[in-house]
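Student: What follows is each chain in one-letter form.
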Amino acid sequence: MNNILILPLLVPLLTAALGILTRKKVNIQRWVSILGMALYLIVAIIMMGQVLEFDYITIQAGGWQAPYGITLIADILAAIMVLFVGIISFTVILYTLMSCNKDEFSPAFHPLVHFLVMGVSGAFLTGDIFNLYVFFEVMLMASFALLTLEGRAEQTEGAIKYVVLNLLSSAIFLGGLGLLYAKVGTLNMADISLISQQAIADDNIGPIRLAGLLFFITFSIKAGMFPFFFWLPASYHTPSVPVSALFAGLLTKVGVYSLIRLHTVIMPGEVLGHKLILIMGVATMLIGVLGAASQMHIRRILSFHIISQIGYIVVGIAIKTPLALAAAIYFIGHNIIAKGNLFLVGGIASNAVGSEKLSKIGGMWKAWPQLGIIFLISAFSLAGLPPLSGFVAKFSMVWATLESQLWWVMLAVIFTGLFTLYSMVKIWNEVFWKDHPDPNWEFSKSKSSLRLFPMGLMALIIILLGLGGGPLFDICLRAGEQLIDPSAYIEAVMRV
Amino acid sequence: MSLVIGVCYAAAVFLLLQKRLIQIILGIALLGHATNLLIFVSAGLHGNSLPIIPAGMEVLPATAVDPLPQALILTAIVIGLALFGFSLALAYRCVAVLGHDDIDQITHTDSLDDSSLIDNQSIEDNINS
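Line by line, the protein sequences are chains A and B.
Residues 18 to 513 (our numbering) are what the first sequence spells out, left to right.
Residues 383 to 511 (our numbering) are what the second sequence spells out, left to right.
Treat the hints as calculated values from the structure; they're not laboratory data.
Careful, some of the hints might be misleading.
Claimed, not checked - Ranges of calculated distance between the beta carbons of each label pair, as one might list FRET restraints:
hint: 1; chain 1: B; residue 1: T457; chain 2: A; residue 2: I59; range: 45 to 51 Å
hint: 2; chain 1: B; residue 1: N430; chain 2: A; residue 2: I45; range: 36 to 42 Å
hint: 3; chain 1: A; residue 1: I501; chain 2: B; residue 2: A444; range: 39 to 45 Å
Stated by the list, open to error - Chain A is faced by these chain B residues, among others (derived, beta-carbon under 7 Å):
hint: 4; residue: K401
hint: 5; residue: I410
hint: 6; residue: L412
hint: 7; residue: H415
hint: 8; residue: I434
hint: 9; residue: G438
hint: 10; residue: M439
hint: 11; residue: A458
hint: 12; residue: L470
Said to hold, decoys possible - Looking from chain B toward chain A, a few residues come up when the C-beta cut is under 10 Å (computed):
hint: 13; residue: F396
hint: 14; residue: F422
hint: 15; residue: V447
hint: 16; residue: D448
hint: 17; residue: P449
hint: 18; residue: R475
Glycine included, C-beta positions come from ideal geometry on N, C-alpha and C.
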């Protein structure tokens with residue numbers, strides 16, 4: 018039963034290998050890719066069911082007992098994350114298949130996506146902090162290659178910033194690992210948690226806190242938090258549409274997930290300052306949304322919105338009550354779907370009208386109203402209008418700030434929501450509502466109309482997430498309660 | 383030893399702050415090596431025998447070094463090598479496509495008004511795809 022935990026790593030790895038073997042036969046490779054992703058999604062659903070039943074699933078790799086071996090562990094948070102990775106990757110792969118032009122993507126595209134998924138799920142499932150670093154690198158390698166797949170000038174520019182900052186953060190992470198190992202002599206997250214609890218009791222937390230702060234900087238860079246977010250809007254709009262949708266959905270969320278793990282399980286208590294994280298979260302939220310308001314390029318607006326949404330999640334992590342954590346977790350899930358879908362819609366709309374600059378496009382509503390409806394659902398969800406998923410996420414976040422009596426944070430949350438709506442309305446007006454600046458412009462949608470299907474699927478998920486908000490939020494609440502009290506996690510890792 | 387690490391870090395930061403891409407990449411590589419040394423030191427420098435239980439003994443002698451950080455460094459070196467290779471290829475590509483490696487001029491993807499040659503290219507590519 019526990020062995021299911023290895024499947025989210027094994028399935029993408031094998032699919033990627035098969036994808037490399039079939040690189041010369043585009044048709045077979047496409048089938049291999051989508052089947053592999055479907056299998057991953059099924060595994061993720063089964064794992065979710067098992068975790069809900071048993072709370073934790075663990076395996077010790079190679080039968081070496083914790084804390085000596087490498088532990089894989091899934092709690093509810095990790096299972097939720099893997100499930101959403103499955104959903105977004107499946108729809109994005111589906112999107113790439115819904116095209117008549119078989120040579121649109123390089124033969125390396127599908128294997129790289131599967132490697133990326135493997136790295137991301139490894140980061141979610143591992144219980145060993147060095148292993149987390151290794152999976153980060155797997156994910157980064159795949160994302161570097163995906164980002165530069167077409168080798169265009171702007172991609173190269175974006176990639177330089179992305180690569181340099183991410184390598185820097187990896188070096189900082191590794192430095193933190195060295196310092197931490199020198200102090201605690203273990204790399205197992207549960208074991209570190211025990212030792213740091215002991216250190217707090219002995220009032221000797223300094224060295225562990227130093228390593229913790231280095232980790233915090235690393236995860237903030239990966240998550241795109243203020244003041245470390247500059248690589249994100251510089252690079253996310255440069256790759257092809259499905260790649261940027263995947264990046265928007267997955268990469269920053271890994272940083273946020275690691276931050277949750279660090280702040281609750283690995284270093285429980287007051288090791289990292291709550292205030293520091295809270296202020297950074299609020300600043301991220303505001304700067305992101307204001308940055309978006311000043312942009313006039315579809316995918317750049319959306320990139321800045323990723324940053325502001327990360328701010329919400331970080332605020333939830335900083336408040337650190339079960340309710341706030343649950344809101345953060347729900348927010349991550351909602352954000353993965355809504356953001357990924359917006360990137361797909363924005364990308365396909367700008368491909369159809371020939372530019373991504375708002376001043377040069379228009380008239381999409383008349384030409385293609387179905388796409389407009391899908392955009393509206395995703396955009397209103399991002400802005401937090403009921404009954405869509407974003408409403409549940411934002412409402413619970415506001416509720417969590419009220420519960421902790423953080424009035425100024427609540428105001429910032431509501432203000433950011435309003436400005437998100439403003440940006441979304443801006444895209445709506447410019448892309449869909451106004452007439453196309455060139456009166457002779459003619460629209461042909463025939464070659465990509467099938468692509469509405471995966472996007473419609475995501476829009477449906479957004480609506481379902483919103484309508485089913487109550488029971489789903491209860492699951493997130495359970496995940497939040499698990500995180501607040503790491504003793505059960507430690508027990509699950511350490512038991513024979 | 384800590385002095386060596388410190389000098390490595392300082393040199394790496396200095397290189398990172400330079401203007402040319404190749405210097406930045408070398409800086410990152412050096413940063414990686416400094417970090418590897420840091421992990422190496424984290425095992426302590428006092429060990430003077432192999433971490434193998436000698437014949438006739440039941441436990442490791444107290445003087446044995448901790449082998450785990452060395453395994454970690456090995457992993458980190460391999461990953462670092464791959465990433466270094468990738469960044470060199472990227473720098474080469476940058477010079478080939480953009481014609482220079484001055485990072486002060488790599489600002490197109492950040493500017494609000496990107497009406498440069500690069501944007502036109504991307505439009506053509508988008509239409510083609």
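Student: Could you tell me whether the CB distance from N430(B) to I45(A) stays inside 36 to 42 Å?
Tutor: 57 Å, violated
Student: Tell me if the interface restraint on G438(B) is satisfied: Cβ within less than 7 Å of some Cβ in chain A.
Tutor: 24 Å, violated
Student: Hint D448(B) vs chain A: min CB-CB distance below 10 Å?
Tutor: 8 Å, holds
Student: Let me know if the C-beta of A458(B) comes in closer than 7 Å to any C-beta of chain A, holds or violated.
Tutor: 6 Å, holds
Student: Under the criterion of a CB-CB separation shorter than 7 Å, is H415(B) in contact with chain A as hinted?
Tutor: Cβ of H415(B) sits 10 Å from chain A, so the hint is violated.
Student: Tell me if the interface restraint on P449(B) is satisfied: Cβ within less than 10 Å of some Cβ in chain A.
Tutor: 12 Å, violated
Student: Hint check: is the beta carbon of V447(B) less than 10 Å from a beta carbon of chain A?
Tutor: 13 Å, violated
Student: Restraint: I434(B) near chain A, CB-CB cut 7 Å. Satisfied or not?
Tutor: 17 Å, violated
Student: When you take the CB atoms of I501(A) and A444(B), is the distance between them in 39 to 45 Å?
Tutor: Holds: the Cβ-Cβ distance is about 41 Å, inside 39 to 45 Å.
Student: Holds or violated: is there a CB of chain A closer than 10 Å to the CB of F422(B)?
Tutor: 8 Å, holds
Student: With 7 Å as the cut and Cβ atoms as the points, is L412(B) at the interface with chain A?
Tutor: 10 Å, violated
Student: With a cut-off of 7 Å, does the beta carbon of K401(B) approach a beta carbon of chain A closely enough for the hint to hold?
Tutor: 13 Å, violated
Checked against the numbered hints listed earlier, the structure breaks hints 1, 2, 4, 6, 7, 8, 9, 10, 12, 13, 15, 17; every other hint is satisfied.
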